[in-house]
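J.: Fit chain Y to the known structure of chain D by using the hints.
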Amino acid sequence: SQTIHQWPATLVQPVGSPLSLECTVEGTSNPNLYWYRQAAGRGLQLLFYSVGIGQISSEVPQNLSASRPQDRQFILSSKKLLLSDSGFYLCAWSIGGLGVYEQYFGPGTRLTVT
Amino acid sequence: AQKITQTQPGMFVQEKEAVTLDCTYDTSDQSYGLFWYKQPSSGEMIFLIYQGSYDEQNATEGRYSLNFQKARKSANLVISASQLGDSAMYFCAMRVNTGNQFYFGTGTSLTVIP
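Heads up: the protein sequence lines correspond to chains D and Y, in order. Numbered by this note's numbering, the letters in the first sequence go through residues 1 to 114 in order. Numbered by this note's numbering, the letters in the second sequence go through residues 1001 to 1114 in order.
Extracted from the complex, chain D is given alone in its bound form:
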């Protein structure tokens, strides 16, 4: 069966510090991978998605970036965090290729920028 890991679970970082959140998927190959952000009490905002190694589509032009160095690894980064980067970050995967398949989410990372 497939499993998605995401870490850390919680993170408190000062403004201007760097960020690195990691997500890995087990039990599947060539998945589509996604990063979302959710502000408190709000819906999901798609940040990035990837259909393959090194292929990143950005939905929100911000101080965040994403990379996919391996097939089942997706990393969200920032060089300098802003207060507005606080939120709940969710990684997700779905089966890649043609077809409409459901999306499965990791446990999320609660980021507080102070």
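Rather than coming from a laboratory, the hints here were simulated on the basis of the structure. Heads up, some of the hints might be wrong.
[To be verified] Distance condition first, Cα-Cα at most 25 angstroms in a straight line; then the derived SDA-like pairs of lysine to any residue:
| hint | chain 1 | residue 1 | chain 2 | residue 2 |
| --- | --- | --- | --- | --- |
| 1 | Y | Lys1003 | D | Glu26 |
| 2 | Y | Lys1073 | D | Ser65 |
| 3 | Y | Lys1070 | Y | Gln1083 |
| 4 | Y | Lys1070 | D | Leu98 |
| 5 | Y | Lys1016 | Y | Gly1052 |
| 6 | Y | Lys1073 | D | Gly43 |
| 7 | Y | Lys1073 | D | Arg42 |
| 8 | Y | Lys1003 | D | Leu98 |
| 9 | Y | Lys1003 | D | Gly41 |
| 10 | Y | Lys1016 | Y | Gln1083 |
[Stated by the list, open to error] Residues from chain D shown here face chain Y by an in silico Cβ test under 10 angstroms; the list is partial:
| hint | residue |
| --- | --- |
| 11 | Trp7 |
| 12 | Tyr49 |
| 13 | Ser50 |
| 14 | Arg72 |
| 15 | Lys80 |
| 16 | Ser84 |
| 17 | Gly99 |
| 18 | Val100 |
| 19 | Phe105 |
| 20 | Gly106 |
| 21 | Thr114 |
[Claimed, not checked] Coverage of chain Y stretches by chain D, computed from C-beta distances (three or more under 8 angstroms per stretch; other residues unrestricted):
| hint | stretch |
| --- | --- |
| 22 | 1023 to 1035 |
| 23 | 1043 to 1051 |
| 24 | 1089 to 1095 |
| 25 | 1102 to 1108 |
Keep in mind the model is a prediction, meaning the values are calculated, not measured. Where is the CB? At the ideal position from N, CA and C, for every residue including glycine.
T.: Then chain Y, alone, in the frame of chain D:
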């Protein structure tokens, strides 16, 4: 452009009663999928049910069923015999076959009253 609309910010239901959460969608694609997710207070997004645009039968998964009315572009979630553990945020989502993105609604907060 694809769009998901959930017009009920909050809903209350008595324990053991059924409840319907509304979702309407907009797309010009003929092939697409509709999804419902549950987000308890822990934050994790849990996949509940899927309906394909070409499926003639309404999807069911245990106490969850999806009332799919294609002509009206609605995909309402019906939860039967509500339980206290059903209290959560519920998100409707869509993905079209020609794209990799998932489009989410703003969510409905469901509270089950004992």
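J.: Does Gly43/D lie within 25 angstroms of Lys1073/Y when you go C-alpha to C-alpha?
T.: Holds, because 21 angstroms separates the two Cα atoms, which is no more than 25 angstroms.
J.: Can you confirm whether the C-alpha distance between Lys1016/Y and Gly1052/Y stays at or below 25 angstroms?
T.: 29 angstroms, violated
J.: With a cut-off of 10 angstroms on the beta carbons, see whether Arg72/D makes it to chain Y.
T.: Because about 16 angstroms separates Arg72/D from the closest Cβ in chain Y, which is outside the 10 angstroms limit, the hint is violated.
J.: What's the verdict on Lys1070/Y and Gln1083/Y, does the C-alpha distance respect the 25 angstroms limit or exceed it?
T.: 29 angstroms, violated
J.: With chain Y as the partner, please determine if Val100/D meets the hint condition of a C-beta pair closer than 10 angstroms.
T.: 4 angstroms, holds
J.: Let me know if the C-beta of Thr114/D comes in closer than 10 angstroms to any C-beta of chain Y, holds or violated.
T.: 20 angstroms, violated
J.: Taking beta carbons only, do three or more residues of the stretch 1043 to 1051 of chain Y come closer than 8 angstroms to chain D?
T.: Held - the stretch 1043 to 1051 of chain Y has 6 residues with a Cβ nearer than 8 angstroms to chain D, which meets the minimum of three.
J.: Within a Cα-Cα threshold of 25 angstroms, do Lys1073/Y and Ser65/D meet the stated pairing?
T.: Between Lys1073/Y and Ser65/D the Cα gap is close to 35 angstroms, so the pair fails against 25 angstroms, i.e. violated.
J.: Decide if the proposed pair is consistent with the structure: Lys1003/Y and Leu98/D, CA atoms, cutoff 25 angstroms inclusive.
T.: Satisfied, since the Cα-Cα distance of roughly 21 angstroms is no more than 25 angstroms.
J.: Can the hint on Ser50/D be confirmed by a CB-to-CB distance to chain Y that is less than 10 angstroms?
T.: For Ser50/D, the interface hint holds, since the closest Cβ of chain Y sits about 9 angstroms away, which is under 10 angstroms.
J.: Against chain Y, run the beta carbon of Phe105/D and see if the smallest gap drops under 10 angstroms.
T.: The hint holds - Phe105/D has a Cβ within 10 angstroms of chain Y, the shortest such distance being about 4 angstroms.
J.: Using Cβ atoms only, decide whether Gly99/D comes closer than 10 angstroms to chain Y, and label the hint accordingly.
T.: 7 angstroms, holds
Hints 1, 2, 3, 5, 11, 14, 15, 16, 21 from the earlier list are contradicted by this structure; the remaining hints agree with it.
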